[in-house]
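A.B. asks: Residue numbers (numbering that gives the first Met the number 0), protein chains in the order written: chain A, 0 to 452; chain B, 0 to 452.
For the record, the hints were derived by calculation from the structure and aren't laboratory data.
Where hints are given, some of them may not hold.
Straight-line Cα separation of at most 25 Å, BS3-like style, residue types lysine-lysine; simulated pairs [as the list claims (entries may be wrong)]:
(1) K190(B) <-> K179(A)
(2) K5(A) <-> K72(A)
(3) K107(B) <-> K81(B)
(4) K411(B) <-> K106(A)
(5) K5(A) <-> K30(A)
(6) K106(B) <-> K411(A)
(7) K280(A) <-> K107(A)
(8) K276(B) <-> K261(B)
(9) K411(A) <-> K62(B)
(10) K179(B) <-> K179(A)
(11) K93(B) <-> K411(A)
(12) K350(A) <-> K304(A)
(13) K190(B) <-> K190(A)
(14) K411(B) <-> K93(A)
Each pair of labels, with its calculated beta carbon distance range [said to hold, decoys possible]:
(15) K190(A) <-> Q324(B): 30 to 40 Å
(16) Q435(B) <-> E185(A): 23 to 33 Å
(17) G247(A) <-> Q435(B): 34 to 44 Å
(18) E301(B) <-> K30(A): 49 to 59 Å
(19) P103(A) <-> E301(B): 39 to 49 Å
As the structure is a computational prediction, the values presented were derived from the model and not from experiment.
The beta-carbon is built from N, C-alpha and C at its ideal position, and this holds for glycine as well.
Number of protein chains: 2
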Amino acid sequence: MRSLIKHVLTRTEATDSLEVAGWVRTRRDSKAFSFIELNDGSSLLNLQIVADANIPGYEEIHKMATGASISVKGRLIASPAKGQDWEMQASSIKLLGAVPEDYPLQKKGHSPEFLRSIAHLRPRTNLFGAAFRIRSRMAYAVHRFFQERDFIYVHTPIVTASDCEGAGEMFRVTTLPDDKISRDSEDFFEKRAYLTVSGQLEGETFACALSNIYTFGPTFRAENSHTSRHAAEFWMVEPEMAFCDLAGDMDVAEEMIKFLVKEALDGQDHDLSICEKFVDKTLRQRLEHVVEKPFQRISYTEAVKLLEASGQKFQYPVKYGLNLQSEHERWLTEEYFKQPTTVYNYPKEIKPFYMRLNEDGKTVTAMDLLVPGIGEIIGGSQREERYDVLLENFKHHKIDPEAYGWYADLRKYGTVPHAGFGLGFERLLMFVTGIQNIRDVIPFPRTPGHCEF
Amino acid sequence: MRSLIKHVLTRTEATDSLEVAGWVRTRRDSKAFSFIELNDGSSLLNLQIVADANIPGYEEIHKMATGASISVKGRLIASPAKGQDWEMQASSIKLLGAVPEDYPLQKKGHSPEFLRSIAHLRPRTNLFGAAFRIRSRMAYAVHRFFQERDFIYVHTPIVTASDCEGAGEMFRVTTLPDDKISRDSEDFFEKRAYLTVSGQLEGETFACALSNIYTFGPTFRAENSHTSRHAAEFWMVEPEMAFCDLAGDMDVAEEMIKFLVKEALDGQDHDLSICEKFVDKTLRQRLEHVVEKPFQRISYTEAVKLLEASGQKFQYPVKYGLNLQSEHERWLTEEYFKQPTTVYNYPKEIKPFYMRLNEDGKTVTAMDLLVPGIGEIIGGSQREERYDVLLENFKHHKIDPEAYGWYADLRKYGTVPHAGFGLGFERLLMFVTGIQNIRDVIPFPRTPGHCEF
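Only chain A is shown next, with the shape it has when bound in the complex (with noise of 0.2 Å):
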């Protein structure tokens, strides 16, 4: 029975009976045995296996080489060695597949460009097969957070026909054969469909119901964005909690970001390292303040005044009435509050048509979260429930109340005050791994031009 090299390093006593396999990582060899650091990806660190030239299988060594599987049988000892408690004393070897010499994972210190061009190996290095394991901690650690909390998981559609912030940028969804495109009647929906780009509406309809949702899924944008921080296709986390205002959505989003990161400290250890040898020698100590430290809130209008009183040469305006831009984003939370700050009641002509009024009638019940190094991380509200204020809404954004009479029907038949918030989940894999492009946080991105595998 195979063990995973994970289980094999974390072993309190030694054995004699143990079954390993993985991947070759490097080969030394000496006259009479030959030392092979194996790895299995089930962690960042590699078995070190000690295989006498006697034993069966050892005629294959020479092709044991970098990226070549194996299965080794044989026993654990104390290692002597500095830097690793137990080695493997291989008392059998068998190569499973070779390498031919083509094999582009041979030298250390590749691009991220030329890792992008073969996603289907980048896994297999070190940095890029820990960047993996904590996606998966922390996609996991979403549904501990929410599920523990008695949040219910909902899966909203990815194929619509709503476009719920009216942005327009979406992706067409089609049957139709080239010749027949615009027939919508004959497609298979029989209207025009779309990839989603947030389940958040959908997400009300069960909040509205259930009390407590979340979502957690594959949302879409069609921008032509060549930057570092944006894909085509991205996971969304996004959290709908009825008879809930706005400070109640601004607490559980704090206390959801500090649960994730320290999840990200306490569970991934060894693989936050080498993002911190390599990519952010920071790394470690700014998520720890972000778990130790209060977060900072202050309200739109009030980090207007900060900003425009900061003395600082921004390339964008600081005006009330204009959004907040990422070096203003940054200025606050990295300059001034030093800490994760949640800046809210933002002017009402900026957001979209679903955020709550506030009752000086000027601005929204709107919630951003910004983190240092990224920005915004969260943005979230109070929705508007009042079915009249609704209503007024739709026409001064130009919505179709007959589409979206599904959505005024919730504050039509037993309204209820409700916010939640949407978090990119690739922004908080930026965040926790310190790496500064989004196309190496997802297996295999989405950008323009790019839908390679």
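For this one, chain A is given, so just place chain B on it according to the hints.
C.D. replies: Just chain B, lined up with the frame of chain A:
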């Protein structure tokens, strides 16, 4: 601080200070007080509220009709009534959202068809509330099963240029305007792109780096099927294990099904009860049977012999080399073995290119797990890991070796035996709830002509 009714009902002691909120299920008035059955969706069960006519807020009691939202403060006391441990004595009651008389869920006993037309409101009914709480619990159980066994969760891409099954029934994804719809090189991804039918091939690349992985995400089929078992958008669970053969694959599949069914039985008792009452009287018995009994395993060849000797009249012919039809699968698992049954080693002609050829040269290492009442719930295989055999399969199945070069690379560089399977998540939910139509276990189902909400 508001409490979820789920937690109120499982309290071990009374309290003088309680706050709840939810939607009125029913109300009965007498002169001096009213009884309200309150539900907040956290549980199937209602909390009974006793509201004296003299408490603050009672003046709006007439508006607290079925479907209205209210919040209540008061104390929790042992209930003198049968069938409930607790009831709430209100000290104040507040109407949050009234309901006009056209509220569609006033009366009981709506048809599933009608409820599908108000999919934004149906989670407020007992049965659909239960179904979607079970869906959430099962999704979390999928993650727990794999994460506790050190499988790494991989988000395989939704938009793809590959076609895993070679089935061809795919949705196209495009941003081209209608009048330029054929200009693939000008499209967003600079080539034709589609919605994925399976994450398997991409999942294999990660298993060949990280050992044990799983995917859990939406998949799409553009089949013009109008059956109760097909949807255009559904969620799939696809584990993939390196250093694993067909027997190991069957082990994991069977262990997973037992784990998930046990989780439903242990964790969603009330919700299962309502399914049992209104959908399938034998539900619990069937599920307990699955947890307790070992599963049957039989080769395709043996299964065909049994079917031929059965004396049954089937609609479709039974013959070596033909696919097993649903009626055959159900006879095996419901009539003959009377337990879940895994059929393995199918003729290579009826299976896809990626399955491993057996020593006999005639069959491939496919396996289908069949369950009573549903038929196939899982399909999997050991994958062809031999480079030359895979290239032969490409030829035979007319697959462009250029386009799948990355997939072949896994066999070229350190190939390993590996295996995996796919679980249709909605099939599992239909099995666990007894609900017969796939449209009723998906929040907002997508089928031909249907893309509402």
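A.B. asks: Return the numbers of the hints above that this structure violates; sort them in rising order.
C.D. replies: 5
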